[in-house]
Amino acid sequence: MSPQTLYPEPPTEDKRWKIVNTTMRRNGNDSHALIETLHSVQETFGYLDEDGLRYVAKSLRTPLSKVYGVATFYHFFTLKPQGEHSCVVCTGTACHIKGAETILKALKDKYGISPGETTEDNKLSVLSARCIGSCGLSPAVVLDGNVMGNLSVSTLLARMDKEIG
Amino acid sequence: MSTEELISLKNKADLRRRPSRVCICTAASCQSIGADRVHKAIEAEIAKTGREPQVEVRAVGCMGLCSAGPLVRVESESSSVLYRNVTVEDAETVAASVGKAKVERLVCRTDVPFFARQHKVVLANCGVVHPERIEDYVAVGGYSALYRAITEMSPSEVLAEVTASGLRGRGGAGYPTGLKWQTVAKSQDATKYVVCNADEGDPGAFMDRSVLESDPHRVLEGMALAAFAVGAKVGYVYVRAEYPLAISRLRTAIRQAKAANLLGQNVAGSRFEFTVDIRLGAGAFVCGEETALLASIEGLRGQPRPRPPYPAEKGLFGRATLINNVETFANIAPIIEKGGAAFAAIGTERSKGTKVFALAGQIKNTGLIEVPMGINLREVVDDMGGGTPTGGKVKAVQTGGPSGGCIPYEHLDMPVDYDSLQKVGSIMGSGGMIVMDESSNMVEVARYFMEFSMSESCGKCVPCRVGTYQMHEILRRILAGQAAPSDLALLEELTRTVGEASLCGLGQSAPNPIKSTLRYYRAEYEAVLRGSRPSMPMTEEGVG
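Respectively, the protein sequence lines represent chains A and B.
For the first sequence, position 14 (counting from the first letter as 1) is numbered 14 according to our numbering, and the numbering increases by one without interruption.
Heads up, our numbering is the position in the second sequence plus 1000, with the first residue counted as 1.
To be clear, the hints were calculated from the coordinates, so they are not data collected in a lab.
No experiment lies behind these values; they were computed from the predicted model shown.
Backbone N, C-alpha and C define an ideal beta-carbon position, used for all residues, glycine too.
Mixed in with the good hints, there may be bad ones.
[Unchecked claim] Keeping only pairs whose Cα atoms sit at most 30 Å apart, straight-line, the calculated DSSO-like set for lysine-lysine is: (1) Lys1040(B) x Lys162(A); (2) Lys108(A) x Lys58(A); (3) Lys1395(B) x Lys66(A).
[Said to hold, decoys possible] Calculated from the model, a selection of chain A residues having no Cβ within reach of chain B, i.e. all distances over 12 Å: (4) Pro8; (5) Phe77; (6) Ile97; (7) Ala100; (8) Tyr111; (9) Gly145; (10) Met160.
[Stated by the list, open to error] Facing chain A, from chain B, some residues (calculated, C-beta under 7 Å): (11) Thr1049; (12) Cys1066; (13) Arg1209; (14) Leu1280; (15) Ala1282; (16) Ala1284; (17) Ala1295; (18) Glu1298; (19) Ala1360; (20) Gly1367; (21) Tyr1448.
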């Protein structure tokens, strides 16, 4: 069997599936590579959709039930598309005692969404993290990949106004 | 790799050496408040004034005092001065001060207890070496322990040094490292693995992140020494996906070590071979438990299994596996270099060496410290930490995360070691230390941790899956004013059941936050039961 025929047909014509294939190949196309592969899919496409899960299951010759089981077991994986911007609120111990709840409440008040939800216009997703390890600068959030520490609600909202509108 | 090649790497570092240096902390914490911009600004200033031949601008790892970040250290041949809260606007002043009088208004004193009481072994290179340059690490003596072990020592001699050091696992449980290594070394298994647990899931802990971001080669050297001692050829670092900077620096380090033939086949021209690969976690706290972690590396749901058999006998892919935490591995190279006895001279009778702690919460000096075992806890909190930022009273210190407990201020006069912490109802844990002031209600704190354990329970065993849910429900009822006084007795009974009957460490230790708060703050539970409503923790405007 030639390497090309090893994989089933990707769900879409999208060239980016090649990135996922590379990850699987690097790990010997073994079912052990499942988590690495799911990371690769999420990093490439932003989330894991059903077609993607089916494709990974077939490619790694793993039951779809197992793939779905792993994808839903780990908090890092998301099965829903994310908004244009993301705001991850750290709810680790240090952030908690320094007011992460207040930040979440302010976001809920302003944008009407709780962790795990996305605004209707698809602009913003709010997420919560167990701990991002920036405890020295609590409370902290990660806005579009950038960690912001020593936050007050007003600083955060001002920054979000500027970047998200 | 030969001695010559090590020397040539060292020479490469020497070539870059300048009479003066500006070192900028670029670990995640300082980065989040603009260290990268400061770095670029200082670099531009030095270039603008044409002083590149005299001054090196170096990105380094964590210097410890996160609350004063971004931190910048200016070194010249005769002096070294640390600057705090450096901004882009300060870049010109700082760059101009190199080799001249220091900038008084920015000076961060290093003769204060926060720095003076530290004893650095694990963090010795953090904030000194460039984390993405192997030659920097070699220049401070890195990989010489591995080189010496491979060329001059036998695996059993390496093992003997680690055993003599008395090092105990730094992941939390404190199992003697030497003993663990011996079990794996004795195994007749043809394939063995070395696994580094970098799944720092404890909320409030960031020691492993800092070590990986600041000195990744130290961890790789420790793993390679372990592989040499136990006879493994393949290693994995299981690191949290939430630490992108640590992952990228570790990737760079692995690539460099391979290129320098310090990893791979025929290391240092010997028959020893060892390759390391990274496996990403995906946000499951339970994967800090060793059998769950191994399941996760195998691509499965991170669910633990009963022990025995221990991973040392039957671990990854059913093979003998040595699994240690990041900080444990970071201790190995100094032990081999200076000998187990030198290491054992630090610390107390039953807890040897140093421990890295992450100080955070309502405390003035937040950041990373490394102290000798046995140091007085009050000294850490009051002297090194500087008390609360508001000057108010410290109420409690939480160690060990969701598996640990709260130690009241009155009980702080105790040595920090595995056994003493256990005696007061907490645990050493991986090293998170969260200080709480009077604004924290202990019932709320217990609820917070129980919510954590409840949602992180993997669901495999009933006591943990159902028990954490029920304990959380009782705490929620108490806080909502819907509980009966008899609920407290029910809660206590549940803590015993869950603690004794759960399958793995997560469940067994999940009741600890309730147990310790009930032990020391029962009055607070009773007050809440009588109807007093604690307020939610609030962010203060203008903190920092």
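Each hint, compared with the structure:
no. : hint                   : result
1   : Lys1040(B) x Lys162(A) : holds, 24 Å
2   : Lys108(A) x Lys58(A)   : violated, 40 Å
3   : Lys1395(B) x Lys66(A)  : violated, 47 Å
4   : Pro8                   : holds, 19 Å
5   : Phe77                  : violated, 6 Å
6   : Ile97                  : violated, 5 Å
7   : Ala100                 : violated, 8 Å
8   : Tyr111                 : holds, 18 Å
9   : Gly145                 : violated, 8 Å
10  : Met160                 : holds, 15 Å
11  : Thr1049                : violated, 31 Å
12  : Cys1066                : holds, 3 Å
13  : Arg1209                : holds, 4 Å
14  : Leu1280                : holds, 5 Å
15  : Ala1282                : holds, 3 Å
16  : Ala1284                : holds, 5 Å
17  : Ala1295                : violated, 10 Å
18  : Glu1298                : holds, 5 Å
19  : Ala1360                : holds, 4 Å
20  : Gly1367                : holds, 5 Å
21  : Tyr1448                : holds, 6 Å
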